[in-house]
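S.K.: Here are the chains, one letter per residue:
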Amino acid sequence: DIMMTQSPLSLPVTPGEPASISCRASQSLLLSSGDNCLHWYLQKPGQSPQLLIYLGSNRASGVPDRFSGSESGTDFTLKISRVEAEDVGLYYCMQGLQTPYTFGQGTNLEIK
Amino acid sequence: QVRLQQSGPGLVQPSQTLSLTCAISGDSVSSSSASWNWFRQSPSGGFQWLGKTYYRSKWFHESAISVKGRITINPDTSQNQLSLQLNSVTPEDTAVYYCARLRGSGIIDNWGQGTLVTVSS
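As given, the protein sequences belong to chains L and C, one line each in that order. Okay, so the first sequence: first residue is 12 according to the working numbering, each after it adds one. Okay, so the second sequence: first residue is 30 according to the working numbering, each after it adds one.
Hints listed in this document are in silico derivations from the structure and should not be mistaken for laboratory results. Among the clues, some could well be false.
[What the hints assert, rightly or not] Examples of chain L residues lying across from chain C (beta carbon under 8 Å, computed):
1) LEU42
2) CYS48
3) HIS50
4) SER59
5) TYR65
6) PRO111
7) TYR112
8) GLN116
9) GLY117
Yeah, the Cβ is synthetic: ideal placement off N, Cα and C, and Gly gets one too.
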């Protein structure tokens, strides 16, 4: 199984400040297309997860441009340029390269 | 617009069978460009993929090794839904269960609302 290691697990952020979450895969997630099969999800309190970023760096429809994804080998980063109150929740990375699909442990972003 | 509506009991007794249904609207369970999956989220927040079914000229099924032998995922084309059955449950199977649609490259673009299933006598 591909192991996904996420950090930090807890992330208190002041509104308007940037935030960054890291995710490392235990093996390459590279597709033949050159894309990485790594996706980011946000689970707001009491809700199902929602897709934020797909294939490492592509924002899903309707996702604000303050969210961005980057990649370097098997290391992936989700950045929020200026955190807003509505961004609170659990952030997960997930690999979709092979089954079993696996997730990072989750990062709990909270507002200071 | 795709919508996944889950239904099923929230309490199951140990050693019994967990059964959930996911009704699909806005897409077809027989879609040749999607797979239909079940995940669960433990009380501590971790996600686990349980299995999937998909149609590519014939039906395919895959399940996680950790639940293989206990899990059945069935498509129902007449009702356009999929079901999950997990046999011989224990308290460790207590979790929020989600159905989800995956598109290419394992992208989950639609989730059900989630069903909290508690295994307890």
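S.K.: Each hint needs a verdict: does it hold in this structure or not?
M.R.: Okay, the hints, checked on the actual structure:
1. Using the Cβ-Cβ criterion of 8 Å, the hint placing LEU42/L at the interface with chain C is satisfied: the shortest such distance is roughly 7 Å.
2. Interface hint status for CYS48/L: upheld, as the beta-carbon distance to the closest one in chain C is roughly 5 Å, under 8 Å.
3. Interface restraint check for HIS50/L: the shortest CB-CB distance to chain C comes to about 6 Å, inside 8 Å, so the restraint holds.
4. Hint status for SER59/L relative to chain C: holds, with the closest Cβ pair at about 4 Å, below 8 Å.
5. The criterion of a C-beta within 8 Å of any C-beta in chain C is met by TYR65/L, whose closest approach is roughly 5 Å, and the hint holds.
6. Using the Cβ-Cβ criterion of 8 Å, the hint placing PRO111/L at the interface with chain C is satisfied: the shortest such distance is roughly 5 Å.
7. Given the 8 Å rule on beta carbons, the hint for TYR112/L holds: about 4 Å separates it from the nearest Cβ of chain C.
8. Annotation: GLN116/L was flagged as interfacial toward chain C, and the flag holds, the nearest CB pair being 6 Å apart, inside 8 Å.
9. Of the supplied interface hints, the one on GLY117/L holds, with its beta-carbon coming within about 5 Å of a beta-carbon of chain C, less than 8 Å.
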